[in-house]
Amino acid sequence: MSAKTIQQTLGVSYVTAWTMLQCFRVAMVNTEREKLSGKVEVDETQVGGVDVGGKRGRCSKKSLVVIAIEIHEPKGFGRVRMRYMLDASSSSLTGFINDVVCSGSTICTDGWSGYNELESLGYNHEVTVMSHSDDQAHVSMPGVHRIAALLKRWILGTHQGSFSQEHLQSYLEEYTFRFNRRLSKNRGLVFRRLLEQAIITSPVTRKDVTYGYRFPIHFTIVAEQFETDMKTLYAFLNNVEKDEKQEKILEEVKDKLRLEIVNNLIENKISKRELSAKYPIGIVKKLFLW
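At position 138 of the sequence shown the residue is numbered 138 (the numbering used here), and the sequence of numbers has no breaks.
Each hint should be verified, as a subset may be incorrect.
[Claimed, not checked] In silico DSS-like cross-links for lysine-lysine, where the CA-CA straight-line distance does not exceed 27 Å:
1. Lys75 - Lys35
2. Lys35 - Lys152
3. Lys152 - Lys39
4. Lys4 - Lys152
Hints listed in this document are in silico derivations from the structure and should not be mistaken for laboratory results.
Work out the full structure, taking the sequences as your base and the hints as a guide.
Quick look at the structure:
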């Protein structure tokens with residue numbers, strides 16, 4: 001249901017209706033929810049409209065969403081988890097899988113190198129290289145492709161295909177909540193479950209959700225990755241004598257950190273106060289002035 005529908009139904013302002021929905025989406029996430037287990041398909045998809053003449057796949061400028069879904073034998077799907085990410089790097093993908101899938105489970109992926117470390121992390125890894133397979137992607141990995149198609153159709157229908165990246169994770173959590181309870185025989189019990197979770201969820205204000213709510217189960221990973229990148233920058237800056245190769249690498253690191261800092265600030269994943277408290281602001285200023 002869209003905020004516009006809530007506004008017309010309850011007779012409140014659009015801002016009030018929108019805030020209510022965002023608060024409900026926060027309550028849909030149970031921080032103590034069980035991890036996925038058994039056989040789990042994992043893959044990425046791109047959401048965010050149609051780019052005419054743009055690149056396909058992981059190089060696209062659309063929003064990257066990683067999907068994990070339980071596969072039941074002989075057929076059927078279990079629970080799903082989704083997360084919006086800035087990139088499809090190994091650290092991002094393995095971090096997501098560690099968060100949502102039990103160790104010892106079987107992870108089914110395509111041949112992307114970002115999944116190469118799964119076996120060393122205690123998972124059984126089944127790889128299907130799509131270019132070497134006779135089956136199409138939706139046949140080899142039906143679960144994630146079914147979810148990707150349903151998610152895009154839901155965004156197109158409910159939200160008219162339009163959303164802000166800072167709020168995308170909230171929409172993903174709403175769809176996850178709905179999909180995982182699709183087999184409920186009584187739809188009223190689903191709403192009751194939402195109310196129960198709303199009661200035990202910490203208070204959420206309009207300020208908390210205006211620029212995208214920072215879900216605690218995701219923020220730790222972002223902060224750790226951000227700290228690692230800043231330490232990398234320190235190492236380069238402390239090396240006074242740099243050769244041409246080091247200078248080139250330094251420029252690449254600075255370009256990456258500029259993008260990450262801007263994205264983290266825009267998406268409200270790290271505040272300006274947290275940034276200045278954690279790292280000398282002079283380093284950050286140099287990063288953008290050089």
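Each hint, compared with the structure:
1. Lys75 - Lys35: holds (20 Å)
2. Lys35 - Lys152: holds (24 Å)
3. Lys152 - Lys39: Distance ~24 Å between Lys152 and Lys39 Cα, so the pair holds.
4. Lys4 - Lys152: Distance of about 20 Å is within 27 Å: holds.
Consistency with the previously given hints is maintained throughout, with no hint failing.
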